Structure formats: C-alpha cells, structure tokens
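**Q** Below, each chain spelled out in residue letters.
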Amino acid sequence: MSALGHVGGSTGTPAKLEKPRKRWLPYLLLLPGGLWLILFFAVPAIQLFATSLYDPSGSLEEGYAMTWQFSNYADAASEYLPHFMRSLGYAALTTVICLLLGYPLAYAIALKGGRWKNLLLICVIAPFFTSFLIRTLAWKVILSDNGWVVTTLDALHVPLPDGRLLATTPAVIAGLVYNFLPFMVLPLYASLEKLDPRLLEAAGDLYARPVARFTRVALPLSMPGVVAGTLLTFIPAAGDYINAQLLGTNRQYMIGNVIQSKFLRVGDYPNAAALSFTLMAAILVLVFVYVRRAGTDEVL
Amino acid sequence: MSEQRHGDSGADLNLVGVTKSFGAFTAVDDLSLTVPQGSFFALLGASGCGKTTTLRMIAGLEEPTAGRILLGDQDVTRLRPYKRPVNTVFQSYALFPHLNISDNVAFGLRRRGVKGVADQVERMLRLVDLESFGKRKPAQLSGGQQQRVALARALINHPQVLLLDEPLGALDLKLRRQMQVELKRIQTEVGITFVHVTHDQEEAMTMADTVAVMNAGKIEQLGSPVEMYDYPGTAFVANFLGQSNLFAGGVTGRSGDDVLVEAHGARFSLPATRARAADGSVWLGVRPEKMHLAAALDKVPAGHQSVTGIITDSSYVGVSTQYLVRPAWGDELTVFVPNSGVAAPLAVASEVTVHWRPEHAFLLSRPEGQTVAPVVDAEALA
Amino acid sequence: MLHRLRRWVADRWVMAIGLIVLLYLFVPIGVVAAMSFRDAGRNAPYTLENYKFTWAHWADPFGAAGIGHAFWLSIAIAALATLGAVILGTLMSFALARHSFRGRAATNTLIFLPMATPEIVMGSSLLALFVAAGVQLGFWTIVIAHVMFCLSFVVVTVKARLAGLDPRLQEAAMDLYANEVQTFLRVTLPLVMPGIVAAALLSFSLSFDDFIVTNFNSGSVVTFPMFVWGASQRGIPPQINVIGTAMFVISFLVVLIGQIPNLRRRKA
Ligand SMILES: Nc1ncnc2c1ncn2[C@@H]1O[C@H](COP(=O)(O)OP(=O)(O)OP(=O)(O)O)[C@@H](O)[C@H]1O
Ligand SMILES: [Mg+2]
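In the order they appear, the protein sequences are chains D, X and C. Per UniProt numbering, residue 1 is the first one in the first sequence, and the count goes up by one each step. Per UniProt numbering, residue 1 is the first one in the second sequence, and the count goes up by one each step. Per UniProt numbering, residue 1 is the first one in the third sequence, and the count goes up by one each step.
In short, the hints are calculated from the structure, not lab data. It is possible that some hints are incorrect.
[Unchecked claim] To spell it out: a stretch of chain X is covered by chain C in this simulated footprint if at least three of its residues, at any positions, have a beta carbon under 8 Å from a beta carbon of chain C; those stretches are:
| id | segment |
| --- | --- |
| 1 | 333-343 |
| 2 | 365-372 |
[Claimed, not checked] With a Cα cut of at most 30 Å, we get these calculated BS3-like pairs of lysine-lysine:
| id | chain 1 | residue 1 | chain 2 | residue 2 |
| --- | --- | --- | --- | --- |
| 3 | D | LYS194 | X | LYS83 |
| 4 | D | LYS117 | X | LYS137 |
| 5 | X | LYS115 | X | LYS83 |
| 6 | D | LYS22 | D | LYS117 |
| 7 | X | LYS137 | D | LYS194 |
| 8 | D | LYS117 | X | LYS135 |
None of these values were measured; they are calculated from a predicted model. Beta carbons: idealized from backbone N, C-alpha and C, even for Gly.
If we strip away everything but chain D, and leave its shape as in the complex, we get (with noise of 0.2 Å):
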C-alpha cells in the first residue's frame, strides 16, 4: 500500500561507479591549444617586455644587454606622443562611424531582411575575401585627385583640404571604416538575430514610440554586440598601419607605422618593443574599464 519500507544495508554503501567521472578530461582538452597560446602568445609578449627594458645603443647581430632601461618607455612617450594619441583618436572616430553605419546595416538584415536575411549577410562577409589590400588600393582610385569623389566634391563646392581627399586624415579614416566595418556589423548582427521581434511588438502595445521602442528595447538587448563589436574594431584600428600608409602621409602616420619601421627598417628592438608594449597596455587599459562600464562581463 504505502511506499515499501527500507530493504536494510542499501543505502550508504556507495557503489563503485561504473565510469569515474573525469576530471582530467578538461584539461586534456585545453593542453594543445592552451600551450599554443602560452608559447607563441604570453611567452613572446613577457620576452617582448624584456626586450623593451634592453639597452638601445646593441644590435640584433652583436646582442642586447639587459640593463632595465626604463628610460625606453619615457623615450617612447615623449617623442611618439602625438602618434599614440592619433592612433587611440582615430580609432575612436573610426569606432563611431562603424557604430553609426554598422547598427542600421544589423538591424535591417537582423530585423527587416525577412527572406533575404542571409543574402544580405553574405554580401557583408563577402568583401573580406578580396584581400585587403586590393581593397584599400581601390580606395586609392576612388579618392585619387582626378577620381569621381573629388571631381563631385568640386562640382558641388564643397572645400577640401588642399583641394583634395587622398594623402588627408579622412581618407585614412575612411579606410578606417571600411576595413573594420564588417567587425562592427557581424556581432551586432548577431546579437540582434537573437531580438524577439515580439519584444519590439509588445512594447509598442505598450505605448512605446518607434524611439523609445528603439532606446528601451532594442538597444539594451543589443548591448552584447555593441560592445563586441566596439571591441572588435577599435583594437585592430588603433593597430592598424596599412591604411595611413596607403592613403595617408606621414602626417597622418599612427603608432603601427612607427613601430613597424622601428622593427623592420630601423631595426631598434628594445624601442619598439617598448612602443608595443605601452600600445598593448593602453589598449588592455582602455579595454577593461569600457567592459566593466558597459557592464557585460561575458563578452566575446
């Protein structure tokens, strides 16, 4: 009738589990792929920090002498200020404008492409398989002096710098902006995707405006992506150095130009690797106090 009493001595005695539960089996997972990162990430950044403390005055071919010379970092500082801070401030223009054309670009196909949904997310994919450098030596063509932008441009009056558009600070930042666009749109996109178009519908039977639909919905659900794609665009900007260099002078050069000369051509190790450890630090910096600001813990 009621449930059957206790069958004695069987409980307490736990069994020997069939199959012990593994707990080194994580580990074994992350073994190959974590070394990897350790030996060609973290070692080479902390050897990249040695290096920075190195005597300037050797040479790749007669060796370095380790004389913790932190004067590097307030050499690097003080001549190349003007080039951190155009790096992080171009960055930052660039972060905006992706921002501002990224956004309705991930709400329309997220939430107004319907059917053509996926076309349309290919057509943003589908630029980054032309290398980038084609890409950016066609924006050369198009903001050439005698090219359609600017021959327009005059038609219309509008003045430019100089009377023209490539070799400017514009022309780098558009380049800016079209390279990293697509890292601005596709977490946006993807975050979006994930938006119950319901929730929209459901506010607005609750008396929300399309604005306020807009800045009480749609955007805090997105917060995710922004501050991914945020992310994901204003690093590789501010390291960037191929667009000042193509469609730019050395007026417009940033902290990459430099550091990759230091490395390349000039061949002075323990300033450039001063110059890229403070970028890194700066980056780093700046990344995790805008993380903890936005609030989203689980980025990425």
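Mind docking chains X and C with the ligands on chain D? Use the hints.
**A** Quick look at chains X and C with the ligands alone, frame taken from chain D:
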C-alpha cells in the same frame, strides 16, 4: 505485437531508499517503491517535488546520492544510460533537429547495431499515425506530432520501462485526451511498464493502474486510482487528488464498529474500516459529491450525518452545481449537486442541511496543532 | 496622401540606410573588378582613367611573375592554419562549455587577450621570440603565427554554438543507447558543425588576408598579401585585380550555395 523484447521479462522496477541531493538540498528523499512489470504507473505531485529527478535517476541521467535502483534482479544504479533497457519521452521531446523523423525513430535501434530497421520504423510511424512524415525534419511538425515522434522513438526499442515526463503538457485539451487514449492503447498492446509523470490528476486517474503522489521528495501515498480517491491516506493526498471537505477534530471513543469523532462541537461517527487513526487529533473528510443538501433537518434520511449552514455561493458548471455552505464555525464546505433535474436549485443565503452517509466519510490522522488542511498551490496544478 | 508617404518612409528608412552602407562596402570591389578588365601594362598608373576593356588578364590570371606562387602559398598556409586552429579551438571550447574546472577564468583570459592585442604587437613579439630561439623564418613560422591568432576566434565562435545547444539532446542520445563516442559523433558534432564551419571560414579568411603578422614572420617567403604590398610600392600587375575579383565571386558563390537549402526551408 509480435516483436521480441530485449532483456528478460517479468522484471519489476524497484527503487530502494533512493536519495538525491543537490548540495545541501535534498530533491528526492529516501524514496522506495515498486512498479510491477507491465503496469501503468503515474507519478503526481506539485511542481519541484522531485518527479523529474526520480525519472532521471531511473534513466541513468542522474546518479543517486544513496540507494539502489533494480530492474528485476539486476542492479542498474550505476549503469550508464545507454546500457539500460529504459527509454525516456522527454518533456520537451528533445528530437534531434538535424535528423529527419525516420532517422530520429531509428536512432536507438541503429546504436544497438540492429540492421534493416526500415520496416520497424515504418510500423512504428504507422502506430503513431505519422506514416507519411518520415522524410520531414522535426521543425516541420506540429507540437502534437513531435510528441508522437518522441513516443515512437522510445517505443521502437521495446524497453522494459518507458519513462514519460509530462509528455502531454504542451498539448491542447482535445489532443491531450486523444493522446491519453492512444498511450493507454499502446501500453496495453505492447505490455511495457510505463512510468508517467503528470500534473493532471484526471489524466493520472484515467490512465494509470497505480498512482503515486509525491510531496517534497517523498511518496505520500500510492495505490490504485479508486483506492486513492475513495480512501486517501493523508490530508495532502485528499486535497491533491480531487477536493475534500476536512473537519479538524478529535476521536472521542468507539461504539461497536464505529469510531466517534467530535469536531467544532458537533458529533460524528463513521465505520472503523474507514479510519486511518484510532485516537487523538484527526481530520474527518468527505468528498464534495458525496455530500447532499436538504432544505430542513427533518428531510435528512435516517442514519446520515449532518451539518447545518448558510449557502454563501453557488456556481453552475453544467453537469452539476457547486455550492459553498458556511457552517456555524466558519470554514466553508464545498458540495457538488448533480443537475439531474430532480431537485430545484437552492438560493444563496438560504439555510440548508448538509448530509452524507457515514461510510462515505474517512478519518485521517492530524498533526497536533494543525487546523488548516495542507492545500496544494493552484499554480502547481495548472 | 502625405500620411501614407510618411508611413512608407518610416517603414523603409532603416533598410534604405542599410543598403547604402552595403553599397559603400561594395564600391571598392567594383573598382577592383573594373581594374581587372583594364587594358594596361604592369607599370601603368593604378587609376580608372583612359579605360580600355580587355579579357586578357582573366585569360591568364597567374601571368605576372611570382603571383601564382604567392597565391597558392597563401592558400596552403590558410588551409593549414585553419585546420590547426579549428582542431585546437574546438577542443578548448568543449572544455569551456561542457566542463567545470579550476583555472577557467585564467583560460578565458588567455583566450581573450590575443583578440585584445593589436596584430602589430603580436607579430613583432613573435618575431622577437623566433629570432631569440634561432628559428628560421618562413612557411612554418607563418603557419604557427596564424594558428595562434585564429585560435581565439574559433573558440569564441564554437563556444557560442555549444552554449546554445540543448543538453537534453545529448541525454536523449544516451538514453537511446548511444555511448559517449557515438553521442559525440552522431548528435553533438553534427549540431555544432555550423559553428565549426563558420569558425573555419573566419579562420581561413583571416589567415589568407593577413598581412601585418605575416610581414614580421615571413622571412623571405612571399604570401599573396605580401605580393600585393610589394606590388603597391613598385607597380601593380592587373592580375592582382583578377584574383581579387575571382576570390570575391567564388567565395560569394560558395557561401550562397551553402545557403540554398536554408532559403528553401524558410520558404516551406
Ligand atoms: N541540477 C540541479 N541542481 C540543483 N537543484 C536541482 C537540480 N535539478 C533539480 N533541482 C531541484 O530539485 C527539486 C526537484 O526538481 P524536479 O525537476 O525533480 O521537480 P519536478 O517534480 O519534476 O517539478 P516540475 O513538476 O515543476 O517539473 C527542485 O526544487 C529543483 O529546484
Ligand atoms: Mg519536472
């Protein structure tokens, strides 16, 4: 059905002192029960009482903290899920979205190395009325159709025990009734042990050979639906399966084969065979449909027990009218009067006498100090 | 009337802006395609002026010295880097999504950092490591570097897919007599596959297109982006545009074909 079963038959499912703790919280507490082979066993209980956890332990998806699970003579407590002759129909169906319906249904047979499964799959799909759907993907089926695929996918393996975790929960009432009939038919045809978790007490009572009511990780009572309804074991069960009017009172003595009870200053009696407590504090219970209404005390048939009160509410529900009657001590009684056309409806605020046959009452022990019957929260039953 | 017009605009302006932005993404591709049909020699200035049409470059896409070699080298590097990154990254994402273990936060940081580090820093620090270790720069140092920076993207992509996977599906498989290996091969892997494919595509394009890290670690090896870079300093052979356009068209078609069953299902 002519298919051979795998594993030996005549194997009852036995849970012996099974306990499952999640950290400090005990979800299933020293649970013991036997489900005879080939029977339809329904597990009822409020939300969060440990039904799903119990099923998962039987399936091998969760490991008991203590206790043993036996199928016949075989101890399966630590056996991996894929080594048990047990299959589950998951609450949300858990159909493989990347496989079509036929491949979903054939999945278990293929894993066990059975060759040439096409015939069996087709027969199974016919059984659940989905012959022409084999090539579709799960996303292209309706909820009820997916549910039938989940059933077919489990049944085709001829497990010794089939576990069903609220499989009909997502269906509308009509489809639900239809599926209940279907399930019962299939169970009788294939003779598999069914353990069926449900929130719907009517479903449990109509389908099951044995019903168990769980409360806070323990079995409150288990038995046939008739036994459980007619003579519930605890106040919780009395209110969980259907409704009951419970009077808080005390046993005052015996008179021959009858037990005497005093409640709220009134005296009652009932046969000793209907009493689960012989002395001390008790609940005297009567089902609402076993109570009758009389306009005056002298209209009460001889030998009936009675209580006088005022009608405070009446609601017409078609087959019957449900009255609320307030006796002198306040707590309202529920009385169902069939609309058989014999008696005229009674007006609210009129005085009536509620009466019942002594052998229709039941007596349950009551913890000292408890004056409000343990009720089930309505949300859990919804 | 005016009211109707306003509604019409209100419904469509987001899509309109989206399409304009998309157009912006495509303008340079159009220029590249146009340049690939331009009748001009290797050292002709890279402009659209004095445009004359020709099929000649398309008939002989590898006609410029060294371009074919650089192209196939980049394909080989991208394939190897993708293979390595996808294998290592998928293993890591399974550990992160499916197991609890000590050191999880540290692991997540180790995976996040490469994404937060500018390529120029990664490239230069790796160069310093290779030089210090006396490793000969070339094909394999490029592959090593590419696996490293693709790895994090693979982990992020696959992990997201795994997180969205209903654990009950794996339980259902186990319940239906699939052991751990079969459950993985028959249920988990097929369901995670879209994530793995996306990660592979991403890795391939990141690797194929990489210039900055490669420039530091290539030694004397010339990949396709490096060939383009070199050409941009000296004079651009028109075949570069042919290959750029072809890559675009081919990848577009490949992804599009992959989407066809998807489109059809949506319509059904
Ligand atoms: N993995 C877990 N970790 C911690 N607590 C758990 C876990 N699984 C279940 N529980 C707890 O155990 C209790 C029993 O859960 P169970 O799922 O068995 O309830 P149930 O009777 O099936 O309820 P419902 O009818 O709502 O499905 C609940 O209080 C639940 O919160
Ligand atoms: Mg449950």
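**Q** Starting from D/LYS117, check that the Cα of X/LYS137 is at most 30 Å away, please.
**A** Between D/LYS117 and X/LYS137 the Cα gap is close to 22 Å, so the pair holds against 30 Å.
**Q** Hey, X/LYS115 versus X/LYS83, does the alpha-carbon distance stay inside 30 Å?
**A** Cα-Cα ~19 Å, so holds.
**Q** Between D/LYS117 and X/LYS135, does the CA-CA distance stay at or below 30 Å?
**A** Holds - the C-alpha atoms of X/LYS135 and D/LYS117 are around 26 Å apart, at most 30 Å.
**Q** Cut-off 8 Å, C-beta pairs, minimum 3 residues; does the coverage of the segment 365-372 of chain X by chain C stand?
**A** This one is violated; 0 residues, fewer than the three required, reach chain C with a Cβ under 8 Å.
**Q** Does D/LYS22 pair with D/LYS117 here, judged by a C-alpha cut-off of 30 Å?
**A** violated, 43 Å
**Q** Can the restraint linking X/LYS137 and D/LYS194 be considered satisfied, given a maximum Cα separation of 30 Å?
**A** holds, 22 Å
**Q** Using a Cβ cutoff of 8 Å, are there at least 3 residues of the segment 333-343 of chain X near chain C, or does the coverage claim fail?
**A** violated (count 0)
**Q** CA of D/LYS194 to CA of X/LYS83, is that 30 Å or under?
**A** Outside the cut-off at roughly 38 Å; violated.
Comparing the model with each earlier hint shows violations of hints 1, 2, 3, 6; every other hint is respected.
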